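So the protein sequences, as listed, match chains A and B.
With the first sequence counted from 1, adding 215 to any position gets you my numbering.
With the second sequence counted from 1, adding 817 to any position gets you my numbering.
FYI, nobody ran anything at the bench for these hints, they're computed from the structure.
Take the hints with a grain of salt, since some may be wrong.
[Stated by the list, open to error] Where chain B lies over chain A, by a calculated footprint (3+ residues, C-beta under 8 Å):
id	stretch
1	334-345
2	514-523
[To be verified] Distance condition first, Cα-Cα at most 25 Å in a straight line; then the derived SDA-like pairs of lysine to any residue:
id	chain 1	residue 1	chain 2	residue 2
3	B	Lys834	B	Gly863
4	B	Lys834	A	Phe660
5	A	Lys593	A	Glu225
6	A	Lys429	B	Asp997
7	B	Lys909	A	His484
8	A	Lys270	A	His484
9	B	Lys909	A	Gln570
10	A	Lys336	B	Lys909
Owing to the predicted nature of the structure, the values given are computational and were not obtained by experimental measurement.
In this text, a Cβ means the ideal position worked out from N, Cα and C, and glycines have one as well.
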Amino acid sequence: MAHAHDSSSERPAILDKVRPAELPRPKLILNDRGFHWITDKVCGIVEEPTPLWWKVLFGVALFIASFTGLGLLYLVSTGTGTWGLRSPVGWGWAIVNFVFWVGIGHAGTLISAILCLLRQKWRTSINRAAEAMTIFAVMCAGIFPLFHVGRVWFGWWLFPLPNQNGIWPQFRSPLEWDVFAVSTYFTVSTLFWYMGMVPDLGTIRDRAKTWWRKAFYSVLALGWRGGNRQWSNFEMAYLLLAGLSTPLVLSVHTIVSFDFAVSNVPGWHTTIFPPYFVAGAIFSGFAMVLTLMLPLRAIYRLHDVINQYHIDNMCKIILATGTMVGYAYATEFFIAAYSGNAYEKFAFINRAFGQYAWAYWIMVSCNVITPQLFWFKKVRENHSLVWIICLFVNVGMWFERFVITVTSLANDYLPSSWGYYSPTIVDIFTFFGTFGFFSVLFLLFVRFLPLLPMAEVKMVAPQADPHAH
Amino acid sequence: MNERNERIYGVACTFRKPADVFHAAEKVRDAGWTRWDVHTPFPIHGMDQAMGLPRSKVPRLTLLGGVTGFITGCLLTWYMNSFDYPLIVGGKPYWSAIYPFPVMYECTILFAAFGTFFGQFILNRLPHHHHPLFELPNFARVSDDTFMVVLEANDPKFHVDESRNFLQSLGGQEITVIRD
Numbered sequence: 216m217a218h219a220h221d222s223s224s225e226r227p228a229i230l231d232k233v234r235p236a237e238l239p240r241p242k243l244i245l246n247d248r249g250f251h252w253i254t255d256k257v258c259g260i261v262e263e264p265t266p267l268w269w270k271v272l273f274g275v276a277l278f279i280a281s282f283t284g285l286g287l288l289y290l291v292s293t294g295t296g297t298w299g300l301r302s303p304v305g306w307g308w309a310i311v312n313f314v315f316w317v318g319i320g321h322a323g324t325l326i327s328a329i330l331c332l333l334r335q336k337w338r339t340s341i342n343r344a345a346e347a348m349t350i351f352a353v354m355c356a357g358i359f360p361l362f363h364v365g366r367v368w369f370g371w372w373l374f375p376l377p378n379q380n381g382i383w384p385q386f387r388s389p390l391e392w393d394v395f396a397v398s399t400y401f402t403v404s405t406l407f408w409y410m411g412m413v414p415d416l417g418t419i420r421d422r423a424k425t426w427w428r429k430a431f432y433s434v435l436a437l438g439w440r441g442g443n444r445q446w447s448n449f450e451m452a453y454l455l456l457a458g459l460s461t462p463l464v465l466s467v468h469t470i471v472s473f474d475f476a477v478s479n480v481p482g483w484h485t486t487i488f489p490p491y492f493v494a495g496a497i498f499s500g501f502a503m504v505l506t507l508m509l510p511l512r513a514i515y516r517l518h519d520v521i522n523q524y525h526i527d528n529m530c531k532i533i534l535a536t537g538t539m540v541g542y543a544y545a546t547e548f549f550i551a552a553y554s555g556n557a558y559e560k561f562a563f564i565n566r567a568f569g570q571y572a573w574a575y576w577i578m579v580s581c582n583v584i585t586p587q588l589f590w591f592k593k594v595r596e597n598h599s600l601v602w603i604i605c606l607f608v609n610v611g612m613w614f615e616r617f618v619i620t621v622t623s624l625a626n627d628y629l630p631s632s633w634g635y636y637s638p639t640i641v642d643i644f645t646f647f648g649t650f651g652f653f654s655v656l657f658l659l660f661v662r663f664l665p666l667l668p669m670a671e672v673k674m675v676a677p678q679a680d681p682h683a684h
Numbered sequence: 818m819n820e821r822n823e824r825i826y827g828v829a830c831t832f833r834k835p836a837d838v839f840h841a842a843e844k845v846r847d848a849g850w851t852r853w854d855v856h857t858p859f860p861i862h863g864m865d866q867a868m869g870l871p872r873s874k875v876p877r878l879t880l881l882g883g884v885t886g887f888i889t890g891c892l893l894t895w896y897m898n899s900f901d902y903p904l905i906v907g908g909k910p911y912w913s914a915i916y917p918f919p920v921m922y923e924c925t926i927l928f929a930a931f932g933t934f935f936g937q938f939i940l941n942r943l944p945h946h947h948h949p950l951f952e953l954p955n956f957a958r959v960s961d962d963t964f965m966v967v968l969e970a971n972d973p974k975f976h977v978d979e980s981r982n983f984l985q986s987l988g989g990q991e992i993t994v995i996r997d
């Protein structure tokens with residue numbers, strides 16, 4: 216800033232004669248809401264008596280989550296044979312669900328880290344909830360690789376810990392890279408989320424009326440005082456964590472795609488997988504952010520802080536990444552044809568027209584065709600329609616992982632060993648229940664933690680500018 | 818310093834607008850104060866320069882964490898797959914910088930994030946639950962919509978009455994003496 220003032224004497228004379236047009240910037244906060252309004256709005260969600268809808272939804276979510284509990288209990292007590300996995304398809308719903316949930320998480324990090332580095336101010340309103348979504352989605356994802364080992368009590372062998380056999384993890388395997396990528400991702404996302412929340416927890420602490428509330432939020436807020444000497448370190452740390460999370464989030468889905476790409480199965484062994492997986496992850500993650508935020512916005516009347524501009528931006532990101540995913544589907548076909556490899560060609564023809572064609576076309580219609588509706592402003596302004604399209608995107612992205620995993624394995628090199636994979640009821644219960652598990656965590660977050668980052672929303676308000684008059 | 822000052826933490830005053838506290842901070846800085854702070858509900862853009870604060874030291878701890886993480890990743894993969902239990906898998910070398918790179922990469926990011934996260938809290942001296950400022954009745958509003966300048970008693974320029982007058986001249990409201 217200081218530098219800009221120093222060089223003002225050297226600026227071209229023409230600039231004094233012409234007046235550059237002011238770029239109209241969309242308002243991030245409507246109705247000129249003040250700082251106190253933002254505090255009241257966000258703290259009010261935590262401070263109000265538990266609403267009835269919350270209790271009902273929480274009960275339903277717990278019930279659905281119990282399906283995962285029962286599924287896992289049955290799996291552990293009986294064995295992985297209760298899942299639909301059998302030769303030739305040794306990877307079924309477990310990896311599909313894992314990749315699906317990890318992908319969902321990526322939008323949270325994109326919003327909190329990449330959009331922070333790109334100075335996209337609109338991110339502030341949705342940042343906190345999206346980060347919470349990331350963490351809970353990664354928790355859902357983690358269930359599957361942990362339990363697919365069968366003897367879950369040996370799950371810790373995945374980590375580089377000394378054990379009685381004196382053996383170590385094998386670092387040449389992309390599955391082991393994945394252990395490091397996903398656990399780092401979970402840890403760093405949680406640190407970033409919590410650190411960003413500390414000033415807001417301080418606000419709730421300062422407003423607390425009852426003893427237990429004061430104690431609870433005091434412990435969480437760590438005695439934050441909001442001094443600028445603290446903010447200075449805080450902002451630097453925030454920027455650095457954003458800078459660290461950006462290569463991290465890109466690496467996580469890249470490494471997830473290595474699980475497939477490093478093998479030599481036709482349809483998996485392609486170099487397009489890392490960027491294609493990352494685009495797909497952001498695509499599905501933004502759809503999930505909208506799926507969650509649109510109802511919350513309506514329930515808590517957050518229309519002034521999450522306005523049409525925010526929704527437009529998210530829809531456009533879904534449109535862009537959905538188109539990238541569609542382009543990647545086309546590229547895969549082209550490369551398969553161009554490779555001259557008979558197995559590779561067959562893998563793709565088989566995807567589109569073979570025994571899993573139904574899954575392939577669900578994927579294409581949900582991921583490539585439906586988001587194209589977001590070209591139209593009328594669609595983006597119809598929030599019920601946006602919500603429904605986002606559900607389609609989530610379904611489509613689950614099917615993408617199903618198509619990639621199952622079609623390649625079911626029909627690989629040797630026709631004599633071809634097979635058809637179907638999930639069992641245990642597979643279905645376990646996956647269905649994760650939506651309940653996710654909802655339980657998300658509802659607890661909505662109820663007890665600041666849903667919107669108050670300090671960050673205040674920071675982008677026009678009256679926060681110290682040079683405004 | 819007289820005896821009364823020893824029981825005093827400092828003098829505080831509030832401001833209603835970011836612009837007011839910003840200009841007040843510039844004046845406190847120009848008056849040569851060193852032990853003082855500006856408490857705000859959100860970070861005000863340019864306040865570090867207005868207060869004359871040096872650049873934050875968090876990046877040094879991030880770098881330290883990152884370098885530690887990278888070395889940890891190298892040593893971990895080398896020790897486990899090449900030294901303690903060498904095993905031939907897929908015709909790949911026992912150890913090279915290439916195949917375990919994802920592990921080294923993730924360890925670098927993980928430790929750098931630890932350095933940043935804990936570094937920030939260490940530099941900010943947190944957790945710190947008992948602080949004289951929390952006893953101030955209007956301090957609770959600072960995390961909402963009020964801005965506060967606090968001049969601390971351990972600054973060599975501090976004198977209760979003069980500091981109060983100084984804050985008054987800056988346009989501060991609700992001037993209060995904070996007792997330790």
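Cross-check of the supplied hints:
1. 334-345: violated (count 0)
2. 514-523: Check failed, 0 qualifying residues.
3. Lys834(B) with Gly863(B): It holds: about 15 Å lies between the C-alpha atoms, which stays within 25 Å.
4. Lys834(B) with Phe660(A): violated (32 Å)
5. Lys593(A) with Glu225(A): With a Cα-Cα distance of about 48 Å, the restraint between Lys593(A) and Glu225(A) is violated, given a limit of 25 Å.
6. Lys429(A) with Asp997(B): With Cα atoms ~22 Å apart, Lys429(A) and Asp997(B) stay inside 25 Å; holds.
7. Lys909(B) with His484(A): Roughly 18 Å between the alpha carbons, so the hint for Lys909(B) and His484(A) holds.
8. Lys270(A) with His484(A): With Cα atoms ~48 Å apart, Lys270(A) and His484(A) exceed 25 Å; violated.
9. Lys909(B) with Gln570(A): Violated, at roughly 37 Å.
10. Lys336(A) with Lys909(B): violated (47 Å)
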